[in-house]
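Asker: Chains as they are written, first to last, in the working numbering: chain X, 1 to 304; chain P, 1 to 304; chain W, 1 to 304; chain B, 1 to 304.
Calculated from the structure, these hints are not laboratory results.
Some clues are possibly wrong.
For chains that are exact copies, the list does not tell them apart, and a pair is met inside one copy or across any two.
As the list claims (entries may be wrong) - Heads up, simulated DSS-like pairs for lysine-lysine below, C-alpha to C-alpha not over 27 Å straight-line:
1) Lys-8 with Lys-83
2) Lys-183 with Lys-20
3) Lys-83 with Lys-22
4) Lys-20 with Lys-83
5) Lys-183 with Lys-8
6) Lys-22 with Lys-8
7) Lys-140 with Lys-22
8) Lys-22 with Lys-183
Number of protein chains: 4
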Amino acid sequence: MNYGEVIKNIHKNLSPYWEKGKVANYIPALAEVNPQQYGIAIEMLDGSSYRVGDAETRFSIQSISKVFTLAMVTSHMGDSIWKHVGREPSGTPFNSLVQLEYEQGIPRNPFINAGALVITDRLMSLYDKPEEAILNFVRKLCGNDDIVYDEHIAQSERAHAERNMALAYFMKSFGNIENDVEKVVDVYCHQCAISMSCVDLSRAFLFLANHGLNPFNNEQILTVSQAKRLGALMLTCGFYDESGDFAFRAGLPGKSGVGGGIAAYIPGNLAITVWSPGLNEHGNSWIGMETLERFTTDISNSIF
Amino acid sequence: MNYGEVIKNIHKNLSPYWEKGKVANYIPALAEVNPQQYGIAIEMLDGSSYRVGDAETRFSIQSISKVFTLAMVTSHMGDSIWKHVGREPSGTPFNSLVQLEYEQGIPRNPFINAGALVITDRLMSLYDKPEEAILNFVRKLCGNDDIVYDEHIAQSERAHAERNMALAYFMKSFGNIENDVEKVVDVYCHQCAISMSCVDLSRAFLFLANHGLNPFNNEQILTVSQAKRLGALMLTCGFYDESGDFAFRAGLPGKSGVGGGIAAYIPGNLAITVWSPGLNEHGNSWIGMETLERFTTDISNSIF
Amino acid sequence: MNYGEVIKNIHKNLSPYWEKGKVANYIPALAEVNPQQYGIAIEMLDGSSYRVGDAETRFSIQSISKVFTLAMVTSHMGDSIWKHVGREPSGTPFNSLVQLEYEQGIPRNPFINAGALVITDRLMSLYDKPEEAILNFVRKLCGNDDIVYDEHIAQSERAHAERNMALAYFMKSFGNIENDVEKVVDVYCHQCAISMSCVDLSRAFLFLANHGLNPFNNEQILTVSQAKRLGALMLTCGFYDESGDFAFRAGLPGKSGVGGGIAAYIPGNLAITVWSPGLNEHGNSWIGMETLERFTTDISNSIF
Amino acid sequence: MNYGEVIKNIHKNLSPYWEKGKVANYIPALAEVNPQQYGIAIEMLDGSSYRVGDAETRFSIQSISKVFTLAMVTSHMGDSIWKHVGREPSGTPFNSLVQLEYEQGIPRNPFINAGALVITDRLMSLYDKPEEAILNFVRKLCGNDDIVYDEHIAQSERAHAERNMALAYFMKSFGNIENDVEKVVDVYCHQCAISMSCVDLSRAFLFLANHGLNPFNNEQILTVSQAKRLGALMLTCGFYDESGDFAFRAGLPGKSGVGGGIAAYIPGNLAITVWSPGLNEHGNSWIGMETLERFTTDISNSIF
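Bound-form chain X, shown alone (with noise of 0.2 Å):
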């Protein structure tokens, strides 16, 4: 299977269609970005990689740096994470506060922004510096030192929160909040505002399809279980209220990000990102969905 030949057709295929998507404009920092931009990596365990199109331009990672500070936590505190956050699909919009009035202040999943705040944190308890923290981890991950937070993006962020602070606050009612709700959330949106390109995504994501083990210096971030475990939440809940659809289609485990990144992989083979702003209307790439999806079919392998 020539990986390179396959994302290279699918790249020139829908790049005409880059109009289909609308850049996230609920924050003014993030509406600047050119639409028009497009890129594709795939990094495999075998060492090679491909790349196609804006693959090496940066972008805001924005919620994909969910799946970053779960690990983290997950590595520090095992199961016990769970019992301040659920596993379960939430079948609700990213921000909604329904589900949490119902369940008493226990988010659904860590891929929703009231549970990825509980994990910020207890994250925020177990690190002096979380910020640093959570920069250093991500570059270890990709093997590069350059990776910062896009302070422009985490201040525009950090001016339009009030939704994030009602969960927030919300939650503390409930006493699921550990620290100062205004740190709480300042961290989050530093974590959002994460700049990386399509290949650093790759290659920070490899070690889950490397099961939990980073192929670049061989350390063990996760154990085997909790990197498959990481894996189903990943497939079941890392994209919204359309993480059931985003399965249908690609049927790989992956997160996306309202920057108009996907990060997703296959188990035992590689890893893939996507990237291009144009946002469908769950607030997920129109491109990335649509690349993903012609991906497995077109190398006819997904993980079912």
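Given chain X, work out where chains P, W and B should sit, using these hints.
Answerer: Same frame as chain X, but now just chains P, W and B:
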């Protein structure tokens, strides 16, 4: 890997825990079942098979039948079925009407009761004798012509079908049921009352592990892409509001029924069915869930 | 205060606005009604009466019938009925199932459809011939033996009763319907199809203005306390999810129906009925709501 | 009718039941109150007044303050306030966020917390010193210049305001809060912490019984129509999710607070306040609810 040894050990270790679950009592006929039963059967694509305990005892497959009717309808209608039923996890119990009201009579997925009723309704529009057609389909899949409806259970189910009647009338009020409600619920109660053993079910699920191709007679039941999609649906929606948890723990596509059966598979490899009547609070076999989690842990193989 | 003059003026001023509303079309028979009709009738406890426009034309009273069946059941069962139905505003549309699921089959109040079905069900347990009993009760209240069911409407209603069937089966699944669902819905469709004029309805409501005592024959239909409670229920729940707004604007206890009628009263003083078939988006007569707001403003008299 | 005798009897009969309720404990400062207190005060439009028990002891008026702030905002803004807050019963608990999400940040009515926060927010836009303005308004209404904030309670309230912070941030995310969230919640916590006695409150509510005209100084606080509307709102929404029940039992417009106070009135006649700190499961004074039901029964006079 000695699969026979693996399931023998699990069976021995979990047998003492049969009283952890509670036999379904929502219909009288199901409540009569002896809870101290526990069987496991594996069928492999290489032709080998393994069984332990009550693997050949027949039980009521209940919701596992939803996989068969969905496969039948999909093979006829293809993607057009997805106008009438969604493919997202529901986040609510299997017989909930709440989501149905907010989403105008379109059930979230074909594995909650509302969605399965829509599938049965379409099946009735496709076949003159839907009850015969279902039996024939299942018989061919597992190569056992003795598969029949348990009429005692079907009648008991029908006599206590108020909630399913409510769901069907509710969807009819939105125009999403084509046939007579009484008849739809009647066929539905029958499909739930099919009697099969663990061995029968593992054989019947093997075409899914084989990407849509029946390994016994080389009939292409579903296309590769349709099989991928059915697997994804099982993983994200196969266990009601515990779907995320099963994916998290076992990491396999599968489907459970309140009769205490769970059928699952590893793509390209094998199908496995567990049966033990005691259910956990989500309506899934307590021993069954535990068995499959240990199985994928012991063989270090899941889809993730 | 010249009540006759007041309603004549209102009638003149509002007549041009008949096209503001939309005739109910959820059943074909109701959709046939000529929308350009508008009547008002006042009956006073001092014996005087006033009428203007189509005050003697009969129309389908629809949900206004819920007041009559509730009065019948209350006079027999007293407070024991409140174990089966609540007395709080629902905050949801008249035919919603959502609240019913969260509250285990106990409808919020007797004026939403689910609650009215429970009342009709209990009526069927109380009377051998419930349909006759209802007619007799209404005939005596308004002193008009010609009150009958409009069978054309009753049949049309019955033929499109899927939502009500769903509600009734749903409650039966919680054990809150005693009789056969088909029969309950049948009686319910009949009570909605009673034909009465504004004059009939104002006469039939006068016992409520008279604290439970029928002013025409001195029969004590309800105790003073029961009449107070029925009034409170109408005020808080009589207009579906527009109940607060009607209380806010008109300040009177009353009950509306999708046939376009609204019957209301001022305790110790009078009953007033308005009818005009065009409905607002909440299912209440557009002209009717407006008429009653102007009426209480013009006479400077409400219950507040 | 000897009102003094009536309330003396009720007070004697209900005093033994003080342990039926439970003192509010959601903030520490409220939990310190001695539960064995019980006062009733009636002020009549004819100038007479009656009191029994702890009628002159001050307590925290809590949500009763929502009537005062709504009256202030209504008198300035008239109907334009109803673009920002609804006037329908909510059908959900006083601090629920669920409805707010479904209805895009517009609270159901001004008497649930979310609605009251919107009113306080608008008040802050209308007055330079909103906290002073509220005190002055209340002082003038009841003719008592000693009315003050209980700073101990206000601070305790502020220190446990996570849920209200969540509500305010949530509405701000929909654009329905104009001022700084921290400041809005601060003013809100103060208004809840006003200390008044039953006598003070009955005097302060007398302008409502007098159709908007302050009977002590002849100032027209609200128009007749505005007073009617405020009364209707209290009746339909004044007791959270027990509003229907209070209307049903007492048949009066009124407003309760978790400090154990209930103020109510009979239009054209009198205002009555009861206070006893023990609350029922809906957050309304157990003895207070019972007192007002018996009162309207004993004097055979309600608004119905």
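Asker: Hint by hint, where does the structure go against what was stated? Just the numbers, ascending.
Answerer: When the structure is compared with the hints, numbers 1, 2, 5, 7 and 8 turn out to be violated.
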